[in-house]
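Chains as they are written, first to last, in this note's numbering: chain P, 5 to 114; chain Z, 833 to 1178.
Derived from the structure by calculation, the hints contain no laboratory data.
All C-beta atoms, glycine included, are put in the ideal place defined by N, C-alpha and C.
Errors might be hidden in some of the hints.
Have a look at the derived ranges for each label pair, beta carbon to beta carbon [claimed, not checked]: (1) P/T67 / Z/R1110: 28 to 38 Å; (2) P/A102 / Z/M889: 38 to 48 Å; (3) P/T67 / Z/A1039: 51 to 61 Å; (4) Z/R895 / P/R106: 52 to 62 Å; (5) P/V68 / Z/R838: 14 to 24 Å; (6) P/G81 / Z/A1039: 51 to 61 Å; (7) Z/R895 / P/H39: 24 to 34 Å; (8) Z/R838 / P/E65: 22 to 32 Å; (9) P/V99 / Z/L901: 39 to 49 Å; (10) P/G81 / Z/I1098: 54 to 64 Å; (11) P/G81 / Z/G1136: 49 to 59 Å; (12) P/D20 / Z/R838: 28 to 38 Å.
Sample of chain Z residues with no beta-carbon within 10 Å of chain P, all distances over it, derived [unchecked claim]: (13) T837; (14) A900; (15) V914; (16) A979; (17) A1017; (18) P1072; (19) R1110; (20) H1114.
As a plain string of letters, each chain reads:
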Amino acid sequence: MELRPASYFVLASLLDGPLHGYAISTRAAELSEGHVRLTAGTLYGALDRMAARGLVEVEREETVDGRLRRYYRLTGGGRDAVAEEADRLASAARVVHARRRRPSHAKGLA
Amino acid sequence: MSARTRRRVSEVLTGAASLTFPRARHADARAVRDCAREAVDDAGLRALPRECLSLAMAGLRTRPGEAALDFRRAPWRAALSVLTLPLASTILLVWIFGFIPRYDHWPLGEGWAMLLGGSLLALIGAALRYRWLTAVGATATLVAAAAPYVGYGTDVAIADTPSFFRGWSLDIGAASLLPTLLLVAGGLSLPRRSERSARVVLARVSAGLVPAVIAVAHLWPGPSREPTRIWVYGAPAGSPPKLVVGAPYEYPWIPASRPLITALGIALAVAVVFTWRRARAHPQRALASGLVLASVAYPLAWIGFPSMSVPYWAYEAPYYWAAAALPLMLALTLVRRAGRACAAPG
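Chain P with its partners taken away, still in its complex shape (with noise of 0.2 Å):
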């Protein structure tokens, strides 16, 4: 099941632990330098889809400073999900790599 970039980034934001719907933001800005940038709105609606995927589920909530925080955590098929995505990345992406270090292929082509 192919993830698009922003779901890849949230569900890699989940690897390391449970975290709550900023943090989950901010993770996924982080990890994908500044290219995924999201939202509460669309966060929560990429989680909602998830979740109904069953690729995350909802661990606890906890009222922070007045706050409700959701906090989130992977399940084993998007662990899953997400370890395959990172595969089909690499391996599309070694494709490439291993085309651009081949300078004598890329003359004769030209």
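Following the hints, put chain Z in place on chain P, whose structure we already have.
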């Protein structure tokens, strides 16, 4: 702007944006809203419009799903089943109001035989909770009531449309079509086999016949009935016009009746209010009254809103459809309330 003011502005605006979430998703709304507030605290007020918009859109996106869920959870079959007896009783009442003041000859025309016989059959079937008897009776009534609209069994109304409709007030014949269709569905939703104790059946038949008996008492003896077709020929000046009385009108036709419309309106309003309040305990009843309300939404618009003196095609149809949206929305709310009641624990 001080940090406190900034926080206050953020709380007010994100709180307002989170109102787009349905009430059933209150906890989700709170989690998303508080996440947005944390983002605004970190990024400053420049993030506020983006977070508010995202929050509002997230709330709106959940609404169709929530509505669909309520619709799926609503007890459709139980509601259809529960409305059979009151609806059959009402439809019989309507056709008695059409029949007694108008019909002045024998034998009974086939249209009237089907309307009255079918309504009575449906009522007895609903009292017995016998699905095929109810469905067959209701179907016969529906066929007779709908026949004029496909060119059978009546004269020609405005715009050459075959209809019961005479160009004024409310055509109750047309208004009865959707409720009768609902009764057919109600009949088919009855259980295949149900316990029928004679006492219970008798009580149900008696209860179902009460409105019809009251109607007969109200209408009988009616005013002397006039022959239905009269032609008036012009006469030379000074002499009275000549009246020619034609054959009796043998097809079903029902004029608008204020006592009938008032009684039906009061009964429907009472049913809606009562079932709304008891929706948690009896969601099928709330759904049943919502279905009946939806089936008469357009006639209600005709009764409840003043007529406009503009060409029908240009204004009145959209106007009445817009007016019908109000009872339709109330009906939808009843359906969703019933669905939510079914999902509620306990």
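Query raised in the report: Against the structure shown, which of the earlier numbered hints fail to hold, in ascending order?
Result: none
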